[in-house]
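A.B. asks: Chain by chain, the residues:
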Amino acid sequence: MPIKSAFTTTIDHVSILDANANFDEKLGSGLIPDADLVRLYEHMCVCRHLDEVAFKLQRSGRMGTFPQNMGQEATSMGAAYALDKTDWLVPCYRENAGLFWRGLPMEMILLHWMGDERGNAIPRELYCMPLAIPIGTQMLHATGLAWAAKYRGEKRLACTFFGDGATSEGDFHEAMNFAANLDIPVIFFCQNNFWAISVPGKIQCSAPTVAQRAVAYGMDTIQCDGNDIFSVVYCVRKAAALAREKGRPFFIEAVTYRLGDHTTADDARRYRDQAEVDAWKTRDPIIRIRKFLTTRGLWDDTKEAALAGRAERDVAAAVERAESIAPPSRDDFFNNMFATIPPDLALQRDTMQTHGIGQDPSQIDGAVIELPAKTSH
Amino acid sequence: MAGVKQPDDKSHFILPDLGEGVHEAELIKWRVQVGDSVKEHQTMAEMETDKALVEVPSPWTGVIGELCGKAGDTILVGSVLVRYAAKGATVAATTKTVSAPAKQNTAPVTVAKTETKTDANEDAGTVVGNVSGSLGVPSQFSRQPEHESASSSTNRSLATPAVRRIAKELGVNIQQVRGTGRGGRVTASDLQAVSQGAVDVARETTASRVVMAQPINRATVNDNAVTTTSTAVSVAYPNVNREGVKECIPFRGIRRKIAQALDLSVKTAVHFTVVDSADVTKLDRKRKEYAAALGTKLSMLPFVMLAVCKALRKHPTLNANVDDANEEILIKDPIHLGCAVDTDHGLMVPVLRNAHQKNVGELASLVKELAESCKNRSVARENLVGGTFTMSNVGSYGGTFATPIINYPEVAILAVGRAKEQVLTKDGAFYAGLVLPLSLSCDHRIVDGAEGARFLNTVLGFLENPDKLLA
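Residue numbers (our numbering), protein chains in the order written: chain A, 1 to 377; chain B, 1 to 471.
Take every hint as true, because none was put in to throw you off.
Short derived list, chain A residues pointing at chain B, Cβ under 7 Å:
no., residue
1, G61
2, A265
3, D267
Chain A is nowhere near these chain B residues, computed Cβ spacing over 10 Å in every case:
no., residue
4, V34
5, A71
6, T74
7, R285
8, I329
9, T343
10, K368
11, E372
12, N465
13, D467
What the hints contain is simulated information worked out from the structure, not anything from laboratory work. Just so you know, even glycine gets a beta-carbon here, dropped at the ideal spot from N, CA and C.
Model the full assembly from the supplied sequences, consistent with the hints where possible.
C.D. replies: Next comes the structure, spelled out in structure tokens:
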């Protein structure tokens, strides 16, 4: 018997506005109205400025740690723009641009990194999940959120973001398998920035594309230039259409690059070539939109200067708001996990105020006290 | 805010944690001068942490009044980096004109210290908090005490559960102890001080009678922090005459790491050295036979290593690490033999793991490989740690006897001198023999003099009876 092909596939790569601001009219025209593009550009610039300021805040002891978003603004921004306002955004921690576009106040991100839990108390109507610091957890959350939406008969989908490194985590594969086999409308949005902190992508993925990992799960996938907001919007719309019409998940690999360190606790110069970084600086997502807008007469130096001034004021005001918030009450420590606080937690909360730091008084004084009866379910 | 609170009056800037869990940073270069106006976010200094070279910006706009430190200084997180001139004051190009705020958070630390494992004792409060004032440490080492606001207003002391447990065990009423830790937390050292009667514990429970922990006798304290502190005490260094300096080499990098390790060793271990010479005439003949059989050059060292392994089996207390933090002597089963290697960048001690399972040929080739990997700096981190006994082959460079410094926390080290032909006597007759000088240093806290001498004698026995050694 001759050997036949069991399976063949191709993975498309989408690029619409390239690094030299060459524009593919056929794919790109009408994709983003001019007025929207100007607003997207402005948002990205403000986000970039916040990045620079937050970095300084950490270095002067005003913030615990901070992962710079620099260079990756187009990915989450494009996705947030392309999705409905009631679709879930389930971020990792380099999606500030998308969250701000959705309406998250900048000071909430600052509060988060200043170690204030209230930075995670995202208003319900924004349909954003808090930042996910442990690598990989959020993909399962997104799958669960989208599954819940499907169960309730809502047309809502979830879009979750993660890096190339996260695709080596077990959680990623569980989420992918679950979503593909149960027809869950979730968009897996991989920001492939080539570096899992200091581990280069090629060490942890032997395949030439990350997108191939989706093929194994029978999931539709596409690769795009993640520094091109047009490509991102194109791909996310395609994914969202499939999710809404057929309830199918979709995997997007957006090829991008983080221009800064992994976080303020990292020094990327120790493991990355400067030449590589310099090459990517020329592919900056912000620069190419500015070129595009300028050649179309939609942007000029006066507007740029005004924007710079506004970015500075807006970010300074956000920093001011974040830093002037009163310290949280000690009770907050206990109050945000459960809708109704369980008796043993309540006991800890109350004993903390009368004895030492959350300890059962019986452990401190030898006093025997009766625990409130646990409610059985 | 990374555990550091900047002053509300913006009079000075305290070095924050520049990464995650960073305790100190080396000042590489100032980017501002006294008298300069700085804007918020403007870079003031370049500093290097154990992870990264970072630029440190000013958190607010102001005029630089004083720069607390100079290039090469290691600054502890929590100490003052920069003082700002008071508003309206003119600043001369000297630091003297600045009215110094709270004296206790002056200046950086010009380090004379060892590994700052200061957080090893986090459960007992903050170590830097522990040492403040109460241990005779200069005030610049201490963080700004915050206990005024934290604990004097109420009758309740702050302490971690672990410390509360210690209080219970010691029978100390924790409410009556004034904490010296961060935020006024009561630390384990505070409790020990109180329980040892160094201070009178107030019997009343009124808030007014809080007790300040007093100096602690180092020898009685089971506390890493205190050990570290004792080595961190700053010395009044003499002014060094800088006339005729040909080259000024910054004392840092590997050189300083070596210095810190040695410093910790001599300040912690109680050294004594015992020396003897082995008649290796017969062994040298064996060595030549082995070399011919293996077809390689073969030094005396692997034979001595073999003898040491066999002797350690008879005297296991020398194959050990001492855990001073937990007051335990850890006798080790496997013999991981450290071998001091001289490299262009300084002394390194790679570890030959499971040396007791190797024969002479293996020992010879392994020690050669390790030395090479040290010299070209490709040595793996795991090959630089975990030693249980160290050997130093000083003889290959010259010298007879030595007083080797123990590779702490190991408890003994053997220096092998250069073998020389000497006139020896036996049964009243002279003969020419090859003599190998050996110098053994031990930590007297763990190894008694007699035991050290017995061990050395056992090594000698093996070296002088090759048949027993190579059996």
